[in-house]
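Visitor: Letter by letter, the chains look like this.
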Amino acid sequence: MIEAIVQFIGVLILLTAFEILAQSYIRPMINTVAIQSILLAVIMVITGILENRLDFIILAVLTIAVRGIAIPEVLKKDVKKHGIWVYREVGTRVPSLVIVGLILSIVGYVIYRAAFSVMQGDLPFILFLLGFLVIIAKKNALAQMVGYIVEENALLYAGITISHMPLILEAGIFLDLLALVLAGVILAAEKDYGVLELEELVG
Amino acid sequence: MNLQVVNVVQVLVVMAFSPLMVGILKKIEARIESRKGISVFQPYYDIAKFFRKELIIPKNANAFFVIAPIVSFSCYIILPMVLPIVYGNPCPYAPMVDFLGGAFIFALASFVSTIATADLSYYTSIGASRAVTFGSFAEPTLIMVFFGVALITKTNNPFITNHVLAKNVHWIISPTHLLIVAAFFMLLLFDTGKIPVESEGLMEFGMIDEGKMMEYSSTLYALSKWGSYMKSFILMSVFLNVFAFPWGVAMDTSVKSIIFGTVTLLLKMLCLILCFAFVEETFAKLRLFKLIDYLTISFLLAILSIVSFFIFGGVPA
Amino acid sequence: MYAEMLLLTPILASILCVVIPKTREAVSLISSIVCVFASLHVIGLKNEWFYIDTFSAVVLILIQSIYFLSVLYSLYFVRVVEKELFLRRRYYYALINLFAMSMSFSAMCRNLGLVWVGLEATTIVSALLIVLERNKASIEAAWRYILIASSGLGIALFSLILFHRVFGTLDWVNAGSNKALVVAALALIGFGTKVGLFPSHTWLPDAHGIAPPSVSAMLSATLLPVALLAYYKVFIPSCNPSVAYLTCFFGVTTALIAALLTIPQKKIKRLFAYSSMDVMGIATVGVGLSAFNPAVLKAVMLLLVIHAFSKASLFFTGGNVITALKTHDIEKFGLINRLPATGIAMIISALAVTGAPPFASFVAELIILSASLRFPALTALLSTAIVIAFLSINYHVVRMCFGEGEKVKLSVLADLAPLISCVVFVVISAVVLGGLM
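Taken in sequence, the protein lines are chains F, Z and U. Heads up: the first sequence begins at 1 in the working numbering, then just goes up one per residue. Heads up: the second sequence begins at 1001 in the working numbering, then just goes up one per residue. Heads up: the third sequence begins at 2001 in the working numbering, then just goes up one per residue.
The shape of chain F in the complex, shown without the other chains:
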């Protein structure tokens, strides 16, 4: 039963990633990533209790505090400051993006299964690829930030499901630190130069 619940939350997390991918507006995207972090925290708590690991529970608290509340709030405040983002669509290529995401997830599944036929870890791997896709496909800095958080969630998800890695708490703290630095760069840039929007990510 608990396993079924964890599986179900896992699929919900995957769905939120697709929601982020398909979302055309910034604010719902930020809300979705907050929900995703909270869902992940639930899995962390369940795994932590089952495995009797205190660090997973600390990680869950950290996840809710930083990626569930702090960063989304900061980003939303920023969205409010630049009114154009509240109603502006940042992408209108929903069907093609969703299809690319689907292809990516099936390819990810096949690759993962080909390499590790017995391991449970496809979901984090697919989630990770989707986070990548969000970063690549969205040009807006806030959306890319959301993509980064998805990726981070995927990594911690992998850390608690694939192998119960000893250093995962430290890794999580550093990933969060980096997320905060990213948010700081966005805020600093936008205070001075308006919205940060990259035309393309090429050198």
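Mixed in with the good hints there might be a few duds.
Below, in silico cross-link-like pairs of lysine-lysine (DSS-like), each with a Cα-Cα straight-line distance of 30 Å or less [as the list claims (entries may be wrong)]:
no.: 1; chain 1: F; residue 1: Lys77; chain 2: Z; residue 2: Lys1290
no.: 2; chain 1: Z; residue 1: Lys1290; chain 2: F; residue 2: Lys139
no.: 3; chain 1: F; residue 1: Lys139; chain 2: Z; residue 2: Lys1268
no.: 4; chain 1: F; residue 1: Lys80; chain 2: Z; residue 2: Lys1285
no.: 5; chain 1: F; residue 1: Lys139; chain 2: U; residue 2: Lys2136
no.: 6; chain 1: U; residue 1: Lys2298; chain 2: F; residue 2: Lys76
no.: 7; chain 1: Z; residue 1: Lys1285; chain 2: F; residue 2: Lys76
no.: 8; chain 1: F; residue 1: Lys77; chain 2: U; residue 2: Lys2267
no.: 9; chain 1: F; residue 1: Lys81; chain 2: U; residue 2: Lys2267
no.: 10; chain 1: F; residue 1: Lys139; chain 2: U; residue 2: Lys2267
Treat the hints as calculated values from the structure; they're not laboratory data.
Here the structure of chain F is known, so what remains is to put chains Z and U in place on it, guided by the hints.
Guide: Below, chains Z and U alone, put in the same frame as chain F:
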């Protein structure tokens, strides 16, 4: 009761109660909007009224114009004979088709009505071309939903699916099944023309299936209208009996259990109609070209259900 | 003891920089000198936390030396920057100290999780250093750098999670060996992002081009080898021929593409950044080939040493051009006449970095090329890359250096760091050549 009689009962239930469900939905929505609303029997009155009107056939109507409503109406009469509506075991004609066969019969109905109206007038051709365009985007979802069900239950037969799901309660909460239900629900809203897809009435900006009926009158219009009510009813009962809530279907042919099956079906359908009312009252109609996004999301749900089936190594044991 | 010193001294120094801003320059300089001496004493250290083999020791010494040179150059550069700074000067020095510390940490640790943490810390610290000057281009470059580098490190962390699953430990020394292709491939892509390997190299020229020269020197001369070292630590336990092929493939592709991209460059520091990519590509091929012939690793170390000092010198001289002549573009400056010391240092360093014969980098590239003869196609591509890079980089540098011009006055401090690095790599080359004779 003889199986043939059960067959007829299924058809009669569909024919008799389909307008009622539309009336109830309209009434509930009117109450939510603080209106008094029409009587729940208004759709019956409408159909009766249309039957009494004069029949006019446009000059440039093609050969299919007259037979299309009749063919599609007969399709919707045939379908209850092969699907679990109130009785959960195969009736005499049921072995002829599975899910895909049922989909073919639906397709035949929409095919004839499309070629009957495609070149008739400006409004009907808008309706026909939109129906074909968006229908082609809805098709992959439908097939994926069938695949998903076939994966869980190892069969493509609606009756066996019903039995398997009713017996394995824990499968109901598996992600695969829930995602399939969600995908099929979105498809249901699309196929029955509910609000995120299509709004009620003859609005040329958003109309899809309504547009096709623009040139019809009298008997033919009544048959089209009644046919579309029956189509909604059949789809809803398939959704309920095969996917979402497989319990409460009559399992033997005694009069008592058939009546019990009918009543539970109507009760389940009332709950579904409440869901429809909720969706219709909370969502706005999507812009027409955004419909493809909508159908993409339903496709996504259907595919994810299959992916999650493989990720978790099948349904929970 | 010395290993702890390597970590604690810079931390102490950065705290002092922030608390007592006046001492920032002296404290940083002293800290870097202490670190250089400490690094000479940690070679061969093996304990519960640290494992310093030859490769790590070489990288560690490089980190401290370039740290010293960068601080030395900062004394000049940070003073002459006129534009508004993103960070206060004391934070700049504090961050430089922390940057060196996090790189040393990453290079020394034997636990791969901690190696990763160190690399992640370098991203955080160096991203703030890149935006020293407050303008839109540098913020965009920093954004791109953090986003790409952190995504890459995400892949690396994923590979470490799988590593832990496959090997049951994160200690690379005791991991044993297991043919884990996917682990190594993900690590190659992940750490390769920080090394500047081909598909995810796009942050590198932007970041190097925008950062202050002292930071560019640290990024290019030490951060890239540290990332390569991190990959090497995953490569050793999971080594098998397919992984080696993959490594060689990514390395040679990077070298070739970077070599081709040096040709059309118009900015001084971007040119040098692509040159770093080229050298790192060659070094990656060397690491890949070490699976077949462990001796190649020595050539890789030699290449990295010469590259570090010569590339640091190139960035410093580039910084001199930028501050003295107020331009970022490659033009016919006539540096030999206008800034004699800078011009000479630039020419010598450019020759050394591209592997011109008298320098040790030539020997190193020759060894890697001869080892690559096992795969003739690899040899052909690699030698093409080396030749193209040699011609185009030296063409650009020669164009900048020779010509007529008025002499420009520049502080002595400006030429101190590049000349010291030139002396260092010339001496090393002489020693190596003497050894070979």
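Visitor: Work down the list of hints and note, for each, if the structure agrees.
Guide: Hints and how they fare:
no.	hint	verdict
1	Lys77/F - Lys1290/Z	29 Å, holds
2	Lys1290/Z - Lys139/F	21 Å, holds
3	Lys139/F - Lys1268/Z	46 Å, violated
4	Lys80/F - Lys1285/Z	26 Å, holds
5	Lys139/F - Lys2136/U	16 Å, holds
6	Lys2298/U - Lys76/F	52 Å, violated
7	Lys1285/Z - Lys76/F	27 Å, holds
8	Lys77/F - Lys2267/U	38 Å, violated
9	Lys81/F - Lys2267/U	36 Å, violated
10	Lys139/F - Lys2267/U	26 Å, holds
Violated hints, in rising order: 3, 6, 8, 9; the structure is consistent with all others.
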